[in-house]
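Engineer: Now for the letters of each chain:
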Amino acid sequence: MAETAVPYAYGYLSPQEVRFLDAAVERLIPTDELGPGARDAGVSCYIDRQLCGMWGTHGRNYRSGPWREGTPEQGFQSRLTPQEIYRIGIQEINRYCRGKYDKYFEFLSPAQQDEVLHGLEQGAVDLVSLSGKLFFTLLWRNTEEGFFADPMYGGNRDKIGWKLLGFPGVASGAYREHLGNPEVYRAEPVSILDIRLGHAQVDAQGFAKHVRIIERDGSKQ
Amino acid sequence: MTDKMKPVDVVVVGSGVVGSIMAMELVSAGLKVLCLERGRMIDPQQDFVMPYVHDELKYDRHSDIFQNLSRETLTFRNNASQTALPMRELGSFKPGEMVGGTGAHWGCNARRFLPHDFELRSRVDERYGKRFFPEDCTSQDWGVSFDEVEPYYDQFEHIYGVGGKAGNLNGEIQPGGNPHEGPRSREYPNPPTRRTPQGEIFARAVTELGYTPFQGPAAAMTRDYTNLYKVMLGECQRGGFCSSHVCSQGAKANPLTAVLPALYRKDNFELRPLCNVIKVNTDSTGKKATGVTYIDARGREVEQPAELVVLATYCFNNTRLLLLSGIGTPYDPHSGRGVVGRNYSYQTGGRVHVFFDDREFNPFIGGGMVNTSIDDLNGDVIDRSDLGFVGGAYVAVQAFGSTPIKNKPVPAGTPRWGAQWKKAVAHYYRRSFAISIHGSCQSYRQNYLDLDPTYKDANGLPLLRMTFDWHENEKKMLAFMYERVTEIARAMKPAKYAAHQIYKNYTIVPYQSTHNMGGAVMGADPATSVVNKYLQSWDVPNLFVVGGSAFPHNAAQGPTETIGMLACWAADGIKENYLKRPGPLV
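Here the protein sequences come in this chain order: A and B.
Position 87 of the first sequence, counted from 1, bears residue number 87 in this note's numbering, the numbering being contiguous throughout.
Position 394 of the second sequence, counted from 1, bears residue number 1394 in this note's numbering, the numbering being contiguous throughout.
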């Protein structure tokens, strides 16, 4: 197995951080009989690319002090940027795992990994420099984004997330006529990346030309 | 060092729903109008193109068309005993920052307020007695009646090409429309939206329960349409990616598509983007505005003289500019005196999701506010004597074009992540939809806007501070609505349904609604309002403050149509009354 799930030159994350994230996101959205999970969808790659961009340093956030913790209702008040939250958080979670299980997170059993993730989510696992909850909230938000955003951002590889749901991606010009129609509309999803790479066709208005999937099994209709 | 520019007749601050219409109307009256916009210039045909606009991550999460908080945000606390902290990232609401303003990414919900809403205080007092309002409620009459403003609703609908079916034409109830709406002088300019299969299920269930369903009015074109300003808008494709996004097809009526193209043709109109107004200037008496001061893209401080100043920004900035300029008395929640910052209100909402095991839908088809609604629980339709709350809600099933990052409802009890969660989203993405509750929000003594004592914007000026929490009245109203909507959900016979929990405290984090109202409210009494019924400042008669800031409280219907109507109404007041006899109109 390659060092990381998806071959890609990471811009911010270290190999160890990628291994941590591959393991963690695979627990959040696991591979199962429905299809690949977040690891193979390239969620770590998505996170890396977000961390390299404006969002990674909270470039559009208000970042002046004084910094106070505030109430939950007052929202995000950490002075750390997403880059720092991932770097410091992963380091401190691994330190916690070595203390408790004598292993890095990536080498824990799935059940142990779930235990750590639940602990972070519920605040039972507390980190030194930031709250476990803060780390988990960010990780889960980015995992969902990476699994379901357009593949142009590095995740949702092969449109895994969209196929799981039956979401066709870039809309078709046929939608308007289908609006009141109870017939189930199924199509091979089309991404912005597909169109950009010439893997999908568009109509004169720029809408995707969908390839409809015809159900063989009538009971599904 | 301040640069001074050549004087203009009118300076309009903001190029959103209000600014664009006010500018258009005043330009058409022959005035030289300058519009100052803090955001960047937009060319919709270059900035919002297929397929790039069909990008949920970009427009919903990381958008560069929303306010850039690194330069300016607001601070928030639930009550005056707390220390307000800055809203560091966007959450609860999404004000815009670009030419076209917040309206450029609105959801196209284009409902009129009810006659009841404009005279809420008097009508409730009259029907239920003076002690029916909560003691701390400061909701008040608007100083105008529905009948007075009806022609301006009509005007706005013919600018924004609203599609709908009249429910009350000159007092005659019409089949197919909203029977509870105020009497309208003529039909909508465009036909209503078609009904979706989900809307049909809802319509059948509510009919069984004795309600009257109708297709709610929307400002995404239901056919190709040339509007009042001779601008052409194309029919909506129902491709989703609508609210929070800008339409690549120009099918969503907004400042960029419905008004600005007409304005650009006028020689007496100038738009200056990237100009952030920081102050309305007044003469030595403080009774006359002399223009505004702004900071341009290069950081220069510029003085712009004008005969007439129109503040046409988002609710927060209209209020903040008045406070920064020292115009009007700031509101003091302890004494209840003062007006600027008083009566801040918001929007209540809720959802009941229905899940089917034996039916699949096409949740990604929609957008342009395709919806089937009932208005029977709103306004004063039902007797409130025993319910003990003021206000109401409309209830609707919408086809907004469900995008996959944020629209994957799961039944109650589903784990938040992991294998079970994955199975549930895969099963229910196409087998569920939401019944939404869109409710009113009253104003209260303790909910207000003022300047923050600690935090500053990028120019070193104090941020606006919001002190806001939900009131028992709204919680009671929502509890009642959830009961009714749960009955509707059951009548649809789904496999499961799940109601979202009722509010505890207001929180700035998850997205709720970009319907922030009040702070510079209109009214008949200068002791309780910032502007008179014509949206004219009581203190500075050549200053008009127009927009959501003028709402004395928020009704259920969604504010944009009423904001647009107020722009038409205020512009007409200036043209027909003020220009003929400059001075106080009341």
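The hints are simulated quantities; they were obtained by calculation from the structure and are not laboratory data.
The beta carbon of each residue, even a glycine, is placed where N, CA and C say it ideally should be.
Hints should not be assumed to be uniformly reliable.
To be verified - Cross-link-like lysine-lysine pairs, in silico, DSS-like; alpha carbons within 25 Å at most:
#, chain 1, residue 1, chain 2, residue 2
1, A, Lys209, B, Lys1058
2, B, Lys1406, A, Lys133
3, B, Lys1406, B, Lys1006
4, B, Lys1032, B, Lys1287
5, B, Lys1032, A, Lys133
6, B, Lys1230, B, Lys1004
7, A, Lys163, B, Lys1230
8, A, Lys163, B, Lys1287
9, B, Lys1504, B, Lys1423
10, B, Lys1230, B, Lys1006
11, B, Lys1575, B, Lys1006
12, A, Lys163, B, Lys1493
As the list claims (entries may be wrong) - The following residues of chain B were derived to be distant from chain A, with all beta-carbon distances above 10 Å:
#, residue
13, Arg1061
14, His1062
15, Gly1091
16, Val1124
17, Pro1183
18, Glu1235
19, Gly1239
20, Asp1267
21, Pro1330
22, Ala1399
23, Ala1419
24, Asn1459
25, Pro1526
Engineer: Below or equal to 25 Å on CA atoms is what counts here, so check Lys1406 (chain B) against Lys133 (chain A).
Structural biologist: Judged against 25 Å, a Cα distance of about 20 Å means the pair holds.
Engineer: Does the structure keep Lys1504 (chain B) and Lys1423 (chain B) at a Cα separation of 25 Å or less?
Structural biologist: Judged against 25 Å, a Cα distance of about 31 Å means the pair is violated.
Engineer: If we take the beta carbon of Ala1399 (chain B), is the closest beta carbon in chain A still more than 10 Å away?
Structural biologist: 7 Å, violated
Engineer: Is the Cα-Cα distance between Lys1230 (chain B) and Lys1004 (chain B) 25 Å or less?
Structural biologist: 36 Å, violated
Engineer: Hey, does Ala1419 (chain B) actually stay past 10 Å from chain A on C-beta?
Structural biologist: 5 Å, violated
Engineer: Would the pair Lys163 (chain A) and Lys1287 (chain B) pass a check requiring their Cα atoms to be no farther apart than 25 Å?
Structural biologist: Roughly 64 Å between the alpha carbons, so the hint for Lys163 (chain A) and Lys1287 (chain B) is violated.
Engineer: Compute the least Cβ-Cβ separation between Glu1235 (chain B) and chain A, then decide whether it is above 10 Å.
Structural biologist: 7 Å, violated
Engineer: Please work out if Lys209 (chain A) and Lys1058 (chain B) have their alpha carbons no farther apart than 25 Å.
Structural biologist: 22 Å, holds
Engineer: Any Cβ of chain A at or closer than 10 Å to Asp1267 (chain B), or is the non-interface label fine?
Structural biologist: Asp1267 (chain B) is indeed farther than 10 Å from all Cβ atoms of chain A, at 33 Å.
Engineer: Grab the minimum beta-carbon distance between Pro1526 (chain B) and chain A and tell me whether it stays above 10 Å.
Structural biologist: 34 Å, holds
Engineer: Since Val1124 (chain B) was said not to touch the interface, does its Cβ keep a gap of more than 10 Å from each Cβ of chain A?
Structural biologist: Holds: least Cβ distance 30 Å, greater than 10 Å.
Engineer: Does the alpha-carbon distance linking Lys1575 (chain B) and Lys1006 (chain B) stay inside the 25 Å limit?
Structural biologist: 23 Å, holds
Consistency note: the structure conflicts with the earlier hints numbered 3, 5, 6, 7, 8, 9, 10, 12, 13, 14, 15, 18, 19, 22, 23.
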